[in-house]
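Residue numbers (numbering that gives the first Met the number 0), protein chains in the order written: chain U, 0 to 322; chain Z, 0 to 356.
I should point out that these hints are in silico values taken from the structure, not numbers from a laboratory.
Be aware that one or more of the hints could be misleading.
As the list claims (entries may be wrong) - What follows is a list of derived Cβ distance ranges for each label pair:
no., chain 1, residue 1, chain 2, residue 2, range
1, U, Asp303, Z, Gly11, 37 to 43 Å
2, U, Ser94, Z, Ala106, 39 to 45 Å
3, U, Lys201, Z, His342, 30 to 36 Å
Unchecked claim - Some chain Z residues judged to face chain U by a derived CB distance under 7 Å, without partners named:
no., residue
4, Pro132
5, Val133
6, Arg201
7, Val328
What the hints assert, rightly or not - With a cut-off of at most 20 Å between alpha-carbon atoms, the simulated SDA-like pairs for lysine to any residue come out as follows:
no., chain 1, residue 1, chain 2, residue 2
8, U, Lys318, Z, Lys211
9, U, Lys250, U, Glu281
10, U, Lys250, U, Ala224
11, U, Lys318, Z, Glu75
12, U, Lys221, U, Val196
13, U, Lys98, U, Leu73
14, U, Lys201, U, Glu217
15, Z, Lys96, Z, Gln307
16, Z, Lys96, Z, Glu308
17, U, Lys318, Z, Ala352
18, U, Lys221, U, Pro183
19, U, Lys318, Z, Ala323
20, U, Lys150, U, Arg122
21, U, Lys318, Z, Lys96
22, Z, Lys96, Z, Ala323
23, U, Lys150, U, Lys98
24, Z, Lys96, Z, Glu75
25, Z, Lys211, U, Lys221
26, U, Lys318, Z, Pro109
27, Z, Lys96, Z, Gly124
28, U, Lys225, U, Gly105
Glycine residues also receive a C-beta, built at the ideal position from the N, C-alpha and C atoms.
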Amino acid sequence: MPAMTMVQAINNALREEMRRDDRVIVLGEDVGRNGGVFRCTEGLLDEFPERVFDTPLAEGGIIGTAIGMALYGLRPVPEIQFMDFIYPAFDQIVSEAAKMRYRSGGQFTVPMTIRTPFGGGIRGGHYHSQSSEAYFCHTPGLKVVVPSTPKEAKGLLTASIRDPDPVMFLEPKKLYRSSREEVPEGEVLVPLGEAAVRRPGKDVSLIAYGYMAQVCLEAATKAAAKGVEAEVIDLRTLVPLDEPTLLASVKKTGRAVVVYEAPRTAGFGAEISAILAEKAIEYLRGPIVRVTGFDTPFPYALEDVYLPNSDRVLAAIDKVMTF
Amino acid sequence: MVDALHIIRDDGSTDPRLDPELSEEDAVRLYRGMSLQRILDNRMLALQRQGRIGFYGPSLGQEAAIVGAAMAMEPEDWIVPQYREPGAALIRGMPLKELLCQLIGNAEDPVHGRQMPCHYVYRKGNYLSISSPVGTQIPHAVGIAWAMRLRGEPHAVLVFFGDGATSTADFHAAMNFAGVFRTPTVFLCNNNQWAISVPVARQTASATLAQKAPAYGFDGVRVDGMDALAVFRATGDAARRAREGHGPTMIEAVTYRLGPHSSSDDPSRYRDESEVALWRARDPIARYRRYLEHAGWWDDGREARLEQEIGDEITRAIQEAERAPPPAVETLFTDVYAEMPDHLRDQRDAFLAPRGR
Ligand SMILES: Cc1ncc(C[n+]2csc(CCOP(=O)(O)OP(=O)(O)O)c2C)c(N)n1
Ligand SMILES: [Mg+2]
Numbered sequence: 000m001p002a003m004t005m006v007q008a009i010n011n012a013l014r015e016e017m018r019r020d021d022r023v024i025v026l027g028e029d030v031g032r033n034g035g036v037f038r039c040t041e042g043l044l045d046e047f048p049e050r051v052f053d054t055p056l057a058e059g060g061i062i063g064t065a066i067g068m069a070l071y072g073l074r075p076v077p078e079i080q081f082m083d084f085i086y087p088a089f090d091q092i093v094s095e096a097a098k099m100r101y102r103s104g105g106q107f108t109v110p111m112t113i114r115t116p117f118g119g120g121i122r123g124g125h126y127h128s129q130s131s132e133a134y135f136c137h138t139p140g141l142k143v144v145v146p147s148t149p150k151e152a153k154g155l156l157t158a159s160i161r162d163p164d165p166v167m168f169l170e171p172k173k174l175y176r177s178s179r180e181e182v183p184e185g186e187v188l189v190p191l192g193e194a195a196v197r198r199p200g201k202d203v204s205l206i207a208y209g210y211m212a213q214v215c216l217e218a219a220t221k222a223a224a225k226g227v228e229a230e231v232i233d234l235r236t237l238v239p240l241d242e243p244t245l246l247a248s249v250k251k252t253g254r255a256v257v258v259y260e261a262p263r264t265a266g267f268g269a270e271i272s273a274i275l276a277e278k279a280i281e282y283l284r285g286p287i288v289r290v291t292g293f294d295t296p297f298p299y300a301l302e303d304v305y306l307p308n309s310d311r312v313l314a315a316i317d318k319v320m321t322f
Numbered sequence: 000m001v002d003a004l005h006i007i008r009d010d011g012s013t014d015p016r017l018d019p020e021l022s023e024e025d026a027v028r029l030y031r032g033m034s035l036q037r038i039l040d041n042r043m044l045a046l047q048r049q050g051r052i053g054f055y056g057p058s059l060g061q062e063a064a065i066v067g068a069a070m071a072m073e074p075e076d077w078i079v080p081q082y083r084e085p086g087a088a089l090i091r092g093m094p095l096k097e098l099l100c101q102l103i104g105n106a107e108d109p110v111h112g113r114q115m116p117c118h119y120v121y122r123k124g125n126y127l128s129i130s131s132p133v134g135t136q137i138p139h140a141v142g143i144a145w146a147m148r149l150r151g152e153p154h155a156v157l158v159f160f161g162d163g164a165t166s167t168a169d170f171h172a173a174m175n176f177a178g179v180f181r182t183p184t185v186f187l188c189n190n191n192q193w194a195i196s197v198p199v200a201r202q203t204a205s206a207t208l209a210q211k212a213p214a215y216g217f218d219g220v221r222v223d224g225m226d227a228l229a230v231f232r233a234t235g236d237a238a239r240r241a242r243e244g245h246g247p248t249m250i251e252a253v254t255y256r257l258g259p260h261s262s263s264d265d266p267s268r269y270r271d272e273s274e275v276a277l278w279r280a281r282d283p284i285a286r287y288r289r290y291l292e293h294a295g296w297w298d299d300g301r302e303a304r305l306e307q308e309i310g311d312e313i314t315r316a317i318q319e320a321e322r323a324p325p326p327a328v329e330t331l332f333t334d335v336y337a338e339m340p341d342h343l344r345d346q347r348d349a350f351l352a353p354r355g356r
């Protein structure tokens, strides 16, 4: 089994799905000759010259035409070069892709997977770092998926491409090349809507996704040195959310720290906190604590201040452990 | 090679019907601006490779199309950049040190290291703040120009954007508004043939970019973007018409991105060196130098002195900028709003408190 980075695993998933299903189309800026600015589509143009397209620089055009392809029965996998540049396509995603099934009574559907790198940690400043998953989680009709390991990136992307509904597949840039993992050739499927318990523990639940899942694992290791056993829940799919796994963990530990790198106000972790307050409050020993980005634009020089790190998570663990 | 307005001939003489007849002082100033941009780019790319700045996007090959256009504007006019136009900010008087501090992102950067390198701003020179999302600035330029008309002030706006940007919805909305409201906007499209790895033929099936303007009800002109006098002339004419109430013009400066898209890009993955060589032979700075020499305003001695002078200026700016400390943590929280709201103040205080300040 080859050891792959997340970039290679995504490339492998795309390649295998394109081989398996000739309805799968890749389109976007620089995805052809250049293989994508992060190289996720490297080599695909050579193997599938008629199904990989460098497009004009217009995100609304990329997503709008991908919706059209999906309506006609294809399985487009458009790439938005950075999630920060998705907004010209926002209308197409939230007004069109998300609502097509509902507004047509199921007569028309949009089986499309929008891949886009997101999140901080690469010194990208305001416009190459944002985590805007909350806008999309707030839009009924969209599924939202965030991998955090190479193998699961392959499995989740494959499941997303095969899903009958539009999926936002958000790739944490910070994890693109940060580690390698054995990724099997051939079919790997990780079903959408299932969270993973990354590390079991009985004292506190750390709930995160993407790069922050890794930060939580680091924090859990540090906490263990202090005798605190933290359980790390990696949500993997934000919509639909795996509530049973989430609730089982918090009911067991009685303490919850929710971590996300997006700005604090109305971030997806606020929804997690609300669910825990509604459905598990009688099990909680203390307040649900959030560790998040600040309510500021994403900075450049002070990126390390902005991004939650294991020390900030540890401070939150210390706080909830006082209850 | 290019069917477009050009003025400087191969031997350095000019087309007398079109020569803007610059004074020696202005002619040399334009040359200095282009040379500064070129030398700066090479120095900054080197600095990036040494890890002293995090990122850089050079404008190699586009000096005439950037500095020539900026020079044609009056100080009261506004300039709205895409991101590849530091040469225009410097012509407007932006101090080199300020630019260097932005590239480093330190405490003396006017925007406190908030933005990636190459996202400088210069209010004093009516030079707008830069955003990475391509095309977003073009409607702003139309709105600024519209406001000038609404206030009855006879100024114009120069907006820079690339060939790639002509595919954005914002470009088309901006062109349409400019046509409908006859705003004093000069649309300067730097058609450098590439948008990262995507060639201009993938942006449009139109024969030229300039031909989009007539569809919006105003003129589009194609100029040889490797000819600083042609760019200067076309921009100056368009700006004059705009100030006199005759509405917008689009200029397509046909040029070439001789370098990488940015320090993160490797153009050998997608284009042939032979194509680059063809355009390098039309280097806008060498061409303009022949014009200066033909006019009797330039020689090897002046060239050597200029290079030395610019090199020293840049070295000084780097040294001064590298002495500045990183931005203060507090600056993360300021300027989000005019007045810091309580929730943000709480976040700031909570973050700073355990650090014992
Ligand atoms: C809306 C948007 N989509 C994608 C990008 C990524 N990107 C940055 S520059 C660029 C190419 C721009 O090409 P062009 O407008 O021709 O300008 P040039 O870089 O050639 O000067 C792309 C695709 C972006 N910054 N903004
Ligand atoms: Mg271009």
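Verification of the supplied hints:
no., hint, in the structure
1, U:Asp303 x Z:Gly11: 37 to 43 Å, "violated, 53 Å"
2, U:Ser94 x Z:Ala106: 39 to 45 Å, "holds, 44 Å"
3, U:Lys201 x Z:His342: 30 to 36 Å, "holds, 34 Å"
4, Pro132, "holds, 6 Å"
5, Val133, "holds, 6 Å"
6, Arg201, "holds, 5 Å"
7, Val328, "holds, 6 Å"
8, U:Lys318 x Z:Lys211, "violated, 61 Å"
9, U:Lys250 x U:Glu281, "holds, 9 Å"
10, U:Lys250 x U:Ala224, "violated, 24 Å"
11, U:Lys318 x Z:Glu75, "violated, 56 Å"
12, U:Lys221 x U:Val196, "holds, 18 Å"
13, U:Lys98 x U:Leu73, "holds, 18 Å"
14, U:Lys201 x U:Glu217, "holds, 17 Å"
15, Z:Lys96 x Z:Gln307, "holds, 17 Å"
16, Z:Lys96 x Z:Glu308, "holds, 15 Å"
17, U:Lys318 x Z:Ala352, "holds, 15 Å"
18, U:Lys221 x U:Pro183, "violated, 31 Å"
19, U:Lys318 x Z:Ala323, "violated, 37 Å"
20, U:Lys150 x U:Arg122, "violated, 26 Å"
21, U:Lys318 x Z:Lys96, "violated, 45 Å"
22, Z:Lys96 x Z:Ala323, "holds, 11 Å"
23, U:Lys150 x U:Lys98, "violated, 31 Å"
24, Z:Lys96 x Z:Glu75, "violated, 24 Å"
25, Z:Lys211 x U:Lys221, "violated, 60 Å"
26, U:Lys318 x Z:Pro109, "violated, 38 Å"
27, Z:Lys96 x Z:Gly124, "holds, 15 Å"
28, U:Lys225 x U:Gly105, "violated, 54 Å"
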